[in-house]
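Enquirer: Just so you know, my numbering puts 130 at position 130 of the sequence shown, and the rest follows in order with no gaps.
If you are wondering where the hints come from, they were derived from the structure by calculation, not from laboratory data. Incorrect hints may appear among the rest.
[As the list claims (entries may be wrong)] The calculated label-pair distances, taken between Cβ atoms and stated as ranges, are:
1) G56 - R338: 41 to 47 Å
2) R338 - I169: 15 to 21 Å
3) K5 - G229: 21 to 27 Å
4) L54 - R209: 36 to 42 Å
5) A267 - N147: 36 to 42 Å
6) R209 - A267: 15 to 21 Å
7) Q277 - G56: 41 to 47 Å
8) W305 - P48: 26 to 32 Å
9) V73 - R338: 42 to 48 Å
10) S230 - D65: 39 to 45 Å
11) A240 - W326: 53 to 59 Å
Quick reminder that beta carbons are idealized off the backbone N, C-alpha and C, glycines included.
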Amino acid sequence: DDRYKLYNPTVNTPDWLGGAPATTTVSEGDGKTRTQAVFLQELWQPTPDMKVTLGGRYEEWRAYDGYNVNGAVTIRQPTVSAEKFSPKFSLSWSPSAPALSSQPSALSSSPGWTVTASVAKAYRFATASELYQLVTTGTTFTSPNPNLKPDDVTAAELKIERTFANSRIRLSFFEDDIHDAIIAQFNPLVPGSPTLYSYASNVDHVRARGVELALESRDVLIRGLEFAGSVTYLDAKTLALSGRASATAGADAAIGKKLPNIPDWRATVTATYRPDQRWAFTLAGRYSDKLWTTLDNTDVNPNTWQGFAPFFVADARINARLNPHWNASLGVDNFLNRKYFLFHPFPQRTAVATLKYAF
Numbered sequence: 001d002d003r004y005k006l007y008n009p010t011v012n013t014p015d016w017l018g019g020a021p022a023t024t025t026v027s028e029g030d031g032k033t034r035t036q037a038v039f040l041q042e043l044w045q046p047t048p049d050m051k052v053t054l055g056g057r058y059e060e061w062r063a064y065d066g067y068n069v070n071g072a073v074t075i076r077q078p079t080v081s082a083e084k085f086s087p088k089f090s091l092s093w094s095p096s097a098p099a100l101s102s103q104p105s106a107l108s109s110s111p112g113w114t115v116t117a118s119v120a121k122a123y124r125f126a127t128a129s130e131l132y133q134l135v136t137t138g139t140t141f142t143s144p145n146p147n148l149k150p151d152d153v154t155a156a157e158l159k160i161e162r163t164f165a166n167s168r169i170r171l172s173f174f175e176d177d178i179h180d181a182i183i184a185q186f187n188p189l190v191p192g193s194p195t196l197y198s199y200a201s202n203v204d205h206v207r208a209r210g211v212e213l214a215l216e217s218r219d220v221l222i223r224g225l226e227f228a229g230s231v232t233y234l235d236a237k238t239l240a241l242s243g244r245a246s247a248t249a250g251a252d253a254a255i256g257k258k259l260p261n262i263p264d265w266r267a268t269v270t271a272t273y274r275p276d277q278r279w280a281f282t283l284a285g286r287y288s289d290k291l292w293t294t295l296d297n298t299d300v301n302p303n304t305w306q307g308f309a310p311f312f313v314a315d316a317r318i319n320a321r322l323n324p325h326w327n328a329s330l331g332v333d334n335f336l337n338r339k340y341f342l343f344h345p346f347p348q349r350t351a352v353a354t355l356k357y358a359f
């Protein structure tokens, strides 16, 4: 059972520095959502090298007390509700039947292969902010959409994993097929307007297909050296859209275009050396391809305000466990001092020091 409440008024005040009492309400976005769910799962092992997992999730969702004010206009949004059932199925085959750990990040001491095929149904209901948020920030106006339908997702994955004595390598192929995808974007709602609107809408049909290669290993070349890395390729596109991508877009401008906020390529790499239980020295790198923020991919200048540029950044950190209670660390984020935009300029070389006490 989870509940969310949004209360976000914007008011006029004669002296915002001094905190003078508000005079009038400029805009307001209020509302609540509640989800109640039950999940049931059963694991069946018909043979020593095969596992079958069946599960299902039943949800009841409700959005209510929606209230929007914009100047002299007041709207009380209608209560909406939905009930959904999401089945899950997974088949895992381990030809050599290794004693794999139940913890995904733990490395097994028993080498072997594991092949897992999974398919599932899922629904993602709109948040209170997506339904009712109404606020102006600078030249960006956030518009509510109380009529949002839930994401309707069918997901499938084929995972091939090889475990060695001190390492694990995994290759995954996956696909998410989504109807009524809730996608947020920034666009003018009025042609020629300098005001950008942040809003969420349902896109009739989108699909994301991808592949990921991941590796983790310990005691690489020398004892105490750990390595982990992954590279992911994702082809995410709009397949059908009954409306328009924006006020200035053509009828089919978004069809076949990349989905907003999803890069084609992503990669991570981390190396940590632990000479003993006290010290840890870490180097890490992250790469992300350029991404779009509009359905019709019209934001073609990534290295500018509100753009999302490709980037590679590297971080370094030293961690010391001083005693069972005290822990200290010193690090430098983006020590290569790369310049890049993720909506706004992201921090360049940054030093970070922490001191933590645990009871």
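Enquirer: For every hint, state whether the structure bears it out.
Expert: Verification of the hints:
no., hint, in the structure
1, G56 - R338: 41 to 47 Å, "46 Å, holds"
2, R338 - I169: 15 to 21 Å, "29 Å, violated"
3, K5 - G229: 21 to 27 Å, "41 Å, violated"
4, L54 - R209: 36 to 42 Å, "25 Å, violated"
5, A267 - N147: 36 to 42 Å, "39 Å, holds"
6, R209 - A267: 15 to 21 Å, "18 Å, holds"
7, Q277 - G56: 41 to 47 Å, "44 Å, holds"
8, W305 - P48: 26 to 32 Å, "59 Å, violated"
9, V73 - R338: 42 to 48 Å, "46 Å, holds"
10, S230 - D65: 39 to 45 Å, "43 Å, holds"
11, A240 - W326: 53 to 59 Å, "57 Å, holds"
In summary, the numbered hints that this structure violates are 2, 3, 4, 8.
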